[in-house]
Structures are given as structure tokens and as C-alpha cells.
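Enquirer: Below are the chains, spelled out letter by letter.
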Amino acid sequence: MQLNRIGQHTILLPNRPRIVSSAAIAGKKEGAGPLRDDYDQIIDDDLFGEETWEKAESRFQYAAADLAIRKSGLTHEQIDAALGGDLLDQIMAASLAVRELHTPFIGLYGACSTMAESLCLASMLTDGGYLRHAVCTASSHFCTAERQYRFPLEYGCQRPPTAQWTVTGAGSAVVSSDERLPAICRSTHVTLGRIVDMAIKDANNMGAAMAPAAADTLSRHLSDTGRTAADYDLIITGDLGRVGHDLLLTLMQERGMPLDQTRYIDCGLEVFSPSQDTHAGGSGCGCSAVTLCGHIFHRFQKGELRRVLFMATGALLSPTSSQQGDTIPGIAHAIALEADS
Amino acid sequence: MFDKKAKPGPARQRQLDRYAQLVDKLSPKSALGQGLVRAFITGGSVCTLGQVFIELGQRYLDMTVTTSVTFASMMIVFITALLTGVGVFDLIAKYGGAGAFVPISGFANAMVSPAMEFRREGLVLGLGAKLFTIAGPVLVWGISISVVVGVIYAIMPW
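Protein chains in written order, with this note's numbering: chain S, 1 to 341; chain P, 1 to 158.
Derived DSBU-like pairs: lysine-lysine, alpha-carbon spacing no greater than 30 Å straight-line:
#1 S:K28 / S:K302
#2 S:K28 / P:K130
#3 S:K71 / S:K28
#4 S:K302 / S:K71
#5 P:K25 / S:K201
#6 P:K29 / S:K28
#7 P:K130 / P:K94
#8 S:K55 / S:K71
#9 P:K7 / S:K201
#10 P:K130 / S:K55
#11 S:K201 / P:K130
#12 P:K94 / P:K25
#13 S:K201 / P:K5
#14 S:K201 / P:K4
#15 S:K55 / P:K94
#16 P:K94 / P:K29
#17 P:K94 / S:K28
#18 P:K29 / S:K201
#19 S:K55 / S:K28
#20 P:K25 / P:K7
#21 P:K94 / S:K201
Rather than coming from a laboratory, the hints here were simulated on the basis of the structure.
All chains, please: the whole structure from these sequences, using the hints.
Expert: This is the structure:
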């Protein structure tokens, strides 16, 4: 049997599965941010017409998945599996969203790395011929994340300058092996993340907890594929924020694989402008999801990008592990995307 | 981590220490001076407002000193609860920090905000069970410590 692997940990996708459509639905604050023109829908109502924040988040995720499927020209019945997740306990938003899709469901938890995790898995499954069409989803909501990880919304407290702002929004993309469908881009390599823990305990500085994992995945990806950072038009991290972004630049410099600052972006810094008072930038599954499924895929469609490495990062802490004094495990999954030629 | 006796080796420990230093260097710090000034202004304003209620209570409502002090606390609690309810208090607290929550206003906010947040999980298991999530620890340890201090005070000869 032929192994589709190169180097130590990188998976080769010989059939180059296609990303055929995507949708990004964002909340009001995100809709006022720099990427406002890239979203399919901007929802001004935090509750999205629902009674609770959790149901609202679920509706964001359903709306994104439904729109992505419709844009691909497929029907819900033609989707072989939905792969998705979110930040809530028991990934409530994803489960309730997929309940309406009626497709087989693979629920994922990768904290804020979920969008990359779902794309990696969907690409591998479609490449291997196990699925024809798969829909990948990820969402987060400021209000659900605040009440689960921090305080009630109206509780008065100050956020430190290293804290990040959870993005309200959902992104979705349809991955397919069908050669007849026009592709936005194709996935070529997957490098799955290892958990890297550099003993950071501060849940208000997640960029610091995740940056070493991003450096680990990125350097393994580059050495496995024999590429350099210059081979990519853009290297995109998920939600390292200002602190994590600067840390990754330093860590890669130290590893002898320096990044070109003009060709490295972090979704957490793209999604909000500095004047929006989010402190260190955006975070949450929705952060990388709306940036990729909106902004990045649009740039592929405009022909501005030929090859990118999308690497969403996750801080795999739970409120319980934090209270028990444990350090924050970080992870980063990478997927290489290329324009269809 | 599952081996309780294992400590990070010296090389790993150096790596962790070096990373902690790097994080410290690249992480922006809270503006201490600005925070102190804002807390002073906000806390001072809350206390001045309290004093206004004390004076008003004595002058126009025929209150004794003790009653007027209780009246002032009640008014601050009421105003904070109202401001929390209409979604303004968190903005004041964001500006004023400890200046906004150290006066009794913080206690009112700590009770009303979970009540609003967890109402959706029902009156019993939501609101009822989670009403004291923030104020609870303050009450538990505040009352416990006051009992200990009370006992010490009672057995002291002076």
C-alpha cells in the first residue's frame, strides 16, 4: 500500500481535493471591521432572532453551512459529511446546527484551530475517496465564550492588554473530489499539530500559549516538504493576536526559518482594526473561519494568491484545567492550499 | 506530568525560563498610572454620590446618621443594579476598574450580572443556582474571616 506521507508528519494529498465554495457570516462588530466587504452576511442582532446566545451561535453556523452548500450548487442530501465544531461545552453550536442539515456528522473540538482541523480531515477523507462532498464549519460567539470561560456579560471588569476579543461569526467551506465543480483552490498538504506546552498559565495571554505550537507545526511542515516560507504567497495563522504574532516571528527567526513580515498574517489582527479596542486582536474558532472563508478565498478567486499555508491555532484549555492550576496546551494544524491551475 | 517525581530537565527548564522572559518582553503591560488615576476619579465619584445621599437623607427625610448611611448604601446598590440592567455599568467599570467595584456598587453588579446571564437556564437551575457565582466566594470567605476575627476580639482582654 502506498503511503501518502512525506517527511516526519506531513500528509500528501495526491488528488488535490477542491474547495468549491465557502461562506462567512459575521456579527456586528466584525461587520464594522476591515474585512466587512468579504462577509456574505453581517448580522447586527447578537441573538440572530433566537432566545439564547448559544442558539444564536448555532444559527450562525447553520446559516454559513447552508449558504456554502447552496453556493456550491449541491443539495444538503448530496453532502456526505459535515465536519465542524465550536468552543462550547459538548460543541453545542455545531451539533444543533448539523441537526438541521441532516448529514452525517463528525464533531470536532480543536478550540480555535477547528477550521483548520475540519479542513485537514475533510481534505484527507475526500482525497482518499471516502467522501465525495464534505462541508467544514466552525463558529464562535463573543457572548457564549464570555459566559463560559470568563464572567457574565454585564459584570464589570477590566481586560488586560494581552486579552483577545472572541469573534462572533461562522465560516463554512465545501470540500469535494468532484472534478466537474469549479474550485476556489485545492488542498495539497496537511501537517497535523502536536500539542506544545511552554508552561504558560495566563488564560488572558493565549497568543503566548499558542505561538510555540504554531512554530512547531510550521517548522515541521517546511522541513517535511522541503519548502521555505518564501514558497508561500501568504502564511496565515489563526488567532495568535498581537503578542503571539510577534512571538512567532521571533521563534521562527531563532529556528533559522525567518518569516517575511509582508507575507505573514494573523487572522486575529486582520479581523479587527486597532481602533476597535479589542486589545491584542480577535480570537475564537470564528476568527480564522470568517477570515479564511471570506477574505482569503476571495483573494484566491481574484487571482491574488497562488499558494498559501493556513494554520489555525488552538489553546486547548478548559475552565476546569485552568482552575486546577494546569498550564495551557497549544496546538496548530496546517493545510497548504493552491490555486487551481 | 503523570510522573509526579519527574521535574523538567535543566535544558528544558532553561528553555521554559527563556520563553517566559520572551513572552514578558513582548506582552504589553497595563498602564498603571492611568489606571490609578481613573480608579481614584471613579471611586471618588461613587463615594461623593453616597455622601450626597447621606446629607439629603438627614436634611429632608428626617433620618438619623445611622439610617442615612444605610440609605446611601441602598441607593448606590439600586443605581448600580439599574445601570447593570441597562448595560452601562460594565462600561463604567471598564473605565474605572477597582474604583467602580470596591464601593458597594461592585457587590450589586456581581449579583445582578449573573442573574441576567443565567436567567435563560431557568429560575431554579439557572438563576437560583448561579446567582452567587461571583459574590459567593466573597461572602463565604468574608463571613468566615469575620467569625474568626470576632472570636479573637471576644477573648482578647482589652
